[in-house]
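Quick mapping for you: the protein sequence lines, in order, are chains A and B.
Here numbering that gives the first Met the number 0 is used: the first residue of the first sequence is 0, the next is one more, and so on.
Here numbering that gives the first Met the number 0 is used: the first residue of the second sequence is 0, the next is one more, and so on.
These are calculated hints, taken from the structure and not from any lab test.
Backbone N, C-alpha and C define an ideal beta-carbon position, used for all residues, glycine too.
Just so you know, not all the hints are guaranteed correct.
Quick look at which bits of chain A chain B covers, simulated, 3 or more residues with Cβ under 8 Å [as the list claims (entries may be wrong)]:
| id | stretch |
| --- | --- |
| 1 | 46-54 |
| 2 | 96-109 |
Restraint-style ranges between C-beta atoms, simulated for each label pair [claimed, not checked]:
| id | chain 1 | residue 1 | chain 2 | residue 2 | range |
| --- | --- | --- | --- | --- | --- |
| 3 | B | 16 | A | 7 | 36 to 46 Å |
| 4 | B | 181 | A | 141 | 46 to 56 Å |
| 5 | A | 138 | B | 159 | 16 to 26 Å |
Given next are the chains, with one letter for each unit.
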Amino acid sequence: MAPDPAAPLPRRGLERLDLMLLCAEALDLNGAEAMLWLCQDLGLGDRLGSRVDLWKRRCHNPLRRHVRRGSLGVDDTDALIRILCSQADRLYPLLRALLSSTEPPAMAQQRWGLFEERLGELLRDRMNLRRVAVQRLLDAEDGAAQRRQLVRAMALAAGSGGFDRLKASLMDAAA
Amino acid sequence: MKQTLRFDQISCRLQVEGVPDVSTGQGGNAIGIITGWTLQWAGRPELEGRKEHLLALIQTVLPYARRLISDAAEAIGSGSDPVEIRPAGVGSHRLLLRSSQPDTPPLDVQLDDAELADLVRVLDQLRTDPRLQLSLELPPALPLRARELSDRIPRRQRLAAPAAAVLALAVSSTAALLWPTPSPPTAPQGRADNPGKLNTPR
């Protein structure tokens with residue numbers, strides 16, 4: 000039987016959602032501020048009006064250094080997914096440039112290097128480095144495919160049309 | 000009155016032409032009947048077709064994108080379908096478009112991740128445009144089952160847990176068989192003639 004789409008996000012889904020939000024911050028130096036503006040634009044100010052509200056929800060990611068116990072409600076996860084889709088829409092030119100095979104190799108390498116450096120800083124700052132999943136994501140070689148997968152998922156989820164697709168993906172059963 | 004919807008991305012442009020379906024009371028700027036469409040790709044031949052071909056493109060590409068987000072891409076469409084898409088190596092996808100004209104070979108288009116994302120975006124923009132007042136009959140995006148995701152994990156990693164469980168069971172069973180059983184208690188001297196009889200209380 001397929002998992003219930005109205006159920007709360009599973010642990011793996013929460014991890015991926017927070018990691019993609021972290022990727023958005025790595026792509027945009029003002030990413031954290033941009034998320035707050037987007038909350039207001041999307042009418043989510045009541046739920047996620049401040050930086051602390053946003054941080055509390057994101058701390059349900061089990062890979063975080065400071066993890067909050069309990070499950071996150073569907074309304075909260077839907078709000079975070081909407082923010083991510085809007086962020087991906089805003090950052091789409093950067094996401095596309097990372098994924099394009101027609102970019103000159105030197106420039107593509109430079110783009111990926113910059114993105115990976117910022118993502119690494121954010122991961123080391125906020126995640127539990129004893130977790131194998133975090134160590135793998137930080138690894139230059141082992142984590143490359145996963146970092147590309149996160150960027151590709153953001154590109155395919157960009158905009159309002161990507162909400163259902165991304166939510167269904169985050170609800171996937173654990174393999 | 001004829002209406003035209005145009006959606007642009009870096010590598011492609013989708014243009015849909017149609018008219019409002021006045022029989023259902025649609026307004027002047029709506030499209031209820033698609034009369035034609037074109038998809039222009041940078042450096043590739045232009046595609047055009049009827050409504051059925053556009054629907055087939057949407058119904059093939061968007062479910063493929065859904066699976067790709069979960070890193071579980073697989074071929075969608077078969078040899079008899081007008082549109083087929085399948086993975087073609089890391090960051091590459093092969094889109095086959097079959098013409099309804101006889102003796103016309105299928106158009107084979109190789110897309111990288113960025114071009115596929117552009118195509119998904121123009122199709123998303125079309126289907127979410129309020130001016131398009133037409134049912135597209137898209138399958139709902141659903142979570143994938145564990146069985147559908149198993150291929151993305153290497154076989155060695157996938158089989159590690161069951162193999163460890165079988166090994167642990169074998170080791171514990173062997174250890175239990177080798178464990179010496181306690182010897183039965185010896186009967187007290189002088190009572191061997193009547194072992195089942197209890198002593199009479201004093």
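query: Quick one: are residue 16(B) and residue 7(A) within 36 to 46 Å, going by C-beta?
result: 44 Å, holds
- prompt: Does the Cβ-Cβ separation between residue 181(B) and residue 141(A) fall within 46 to 56 Å?
  reply: For residue 181(B) and residue 141(A) the Cβ distance comes to about 52 Å; the hint holds.
task: Can you take a look at whether the stretch 46-54 of chain A is actually covered by chain B? Rule is 3+ residues, C-beta closer than 8 Å.
output: Since 0 is below three, the answer is violated.
task: Starting from the hint 16 to 26 Å, judge whether the C-beta atoms of residue 138(A) and residue 159(B) obey it.
output: Since the Cβ atoms of residue 138(A) and residue 159(B) sit about 19 Å apart, the hinted range of 16 to 26 Å holds.
- prompt: Within the assertion that chain B covers the stretch 96-109 of chain A, do at least three residues meet a Cβ-to-Cβ distance smaller than 8 Å?
  reply: holds (count 5)
Checked against the numbered hints listed earlier, the structure breaks hint 1 alone; every other hint is satisfied.
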